[in-house]
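Residues 60 to 372 (the working numbering) are what the sequence shown spells out, left to right.
Note that these hints are calculated values from the structure, not bench results.
Errors might be hidden in some of the hints.
Calculated lysine to any residue pairs in the SDA-like style (CA-CA distance at most 20 Å, straight line) [to be verified]: (1) K193 with T130; (2) K359 with D343; (3) K136 with A147; (4) K148 with K359; (5) K148 with Q175; (6) K193 with S292; (7) K121 with F141; (8) K193 with R286; (9) K336 with N371.
Restraint-style ranges between C-beta atoms, simulated for each label pair [said to hold, decoys possible]: (10) P114 with G67: 51 to 61 Å; (11) Y294 with Y132: 37 to 47 Å; (12) Q174 with R367: 15 to 25 Å; (13) Q174 with F216: 18 to 28 Å.
Beta carbons: idealized from backbone N, C-alpha and C, even for Gly.
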Amino acid sequence: MMLYFLGGILLLYILVSAVFAYFGICFGSIRTSDTSYFSENGASARHPFRDRIEPEARAIYKMPHEDRYLTSYDGLKLHAAFYRAENAKGLVICVHGFHSRAEKDFSSLFSFYRQQHFHILLVDQRAHMESEGKYACYGAAERYDLRDWIADMAAVFGADFPIWLHGESMGAATCMMVSDLPMHGNVRGIIDDSGFDTPEHEMKYIYTTNFHFPAYPGIWFIALFFRLFGHASIYRTTAIRSLRRTTIPCLFIHGTEDDVVPLQYGLNAYHACASEKELWVVEDAGHCAAYWADEDGYQKRLSAFLERTAPNA
60 MMLYFLGGIL LLYILVSAVF AYFGICFGSI RTSDTSYFSE NGASARHPFR DRIEPEARAI
120 YKMPHEDRYL TSYDGLKLHA AFYRAENAKG LVICVHGFHS RAEKDFSSLF SFYRQQHFHI
180 LLVDQRAHME SEGKYACYGA AERYDLRDWI ADMAAVFGAD FPIWLHGESM GAATCMMVSD
240 LPMHGNVRGI IDDSGFDTPE HEMKYIYTTN FHFPAYPGIW FIALFFRLFG HASIYRTTAI
300 RSLRRTTIPC LFIHGTEDDV VPLQYGLNAY HACASEKELW VVEDAGHCAA YWADEDGYQK
360 RLSAFLERTA PNA
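All chains should be modelled from the sequences, with the hints used to inform the complete structure.
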């Protein structure tokens, strides 16, 4: 009888692990209205700078822009919002995080890039907002989407027009993962804000921290679902592997109090990077909150990196 009882407990544990793996971590498209997505997300509601982020994000959303679309390598219709600048000296492609949107993630930096005379492309990652798709793949599939956005912009402005990639959280991982792919465009640098080193590490952390489940056997279900539905591997496609082969200069930014992507994951990515690199660890900053913790320091670091990696530097 005891054997049957233990077997039932084990079976229940495996079933619950599978459910959490599918619905709680790996996948799920984000489709919210333009009047709700800035505040209804749980993480957004708890953000200490929410009162500043929401008005700026809404203002960006309402600004005149060009809606651009392309078809991904696997047939999805992807969307991005393009904001032109007069006398632009370059383009910044901004890539948001998991279950978020670029207007919100880059509300603090949008005005900075505009004042510095950069074109801005705010990308909707697959399975988010106006981009099609059911499954978010933690950068493993999104890196090919970003590669295609770079090619799209290079077709508009020419292959020599300078481009920078700026990502937050999963968006930062996407930027790092694209860094070793052949690209049609002059990518001058990558800004990685709070990015993770591997999907496996990040999923294990979320699984054990958010859901209070042991990493195993849950991570096995995550890996299986990732392969079956996302057609990617949490083990093979990582920021670590790409950074070991990249030649693109990188600026790594991470907060010491990040409870979504631990600082150690950012340090792992930094140490793996084979190109010119810079690390800025921001004391007392939470996840993607370095700008809010030290606005002046963030702007100075970013300005110096942009100037150093500019074509005529």
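So, against the hints stated earlier in the document, which numbers end up violated here? The structure conflicts with hints 3, 11, although it agrees with all the remaining ones.
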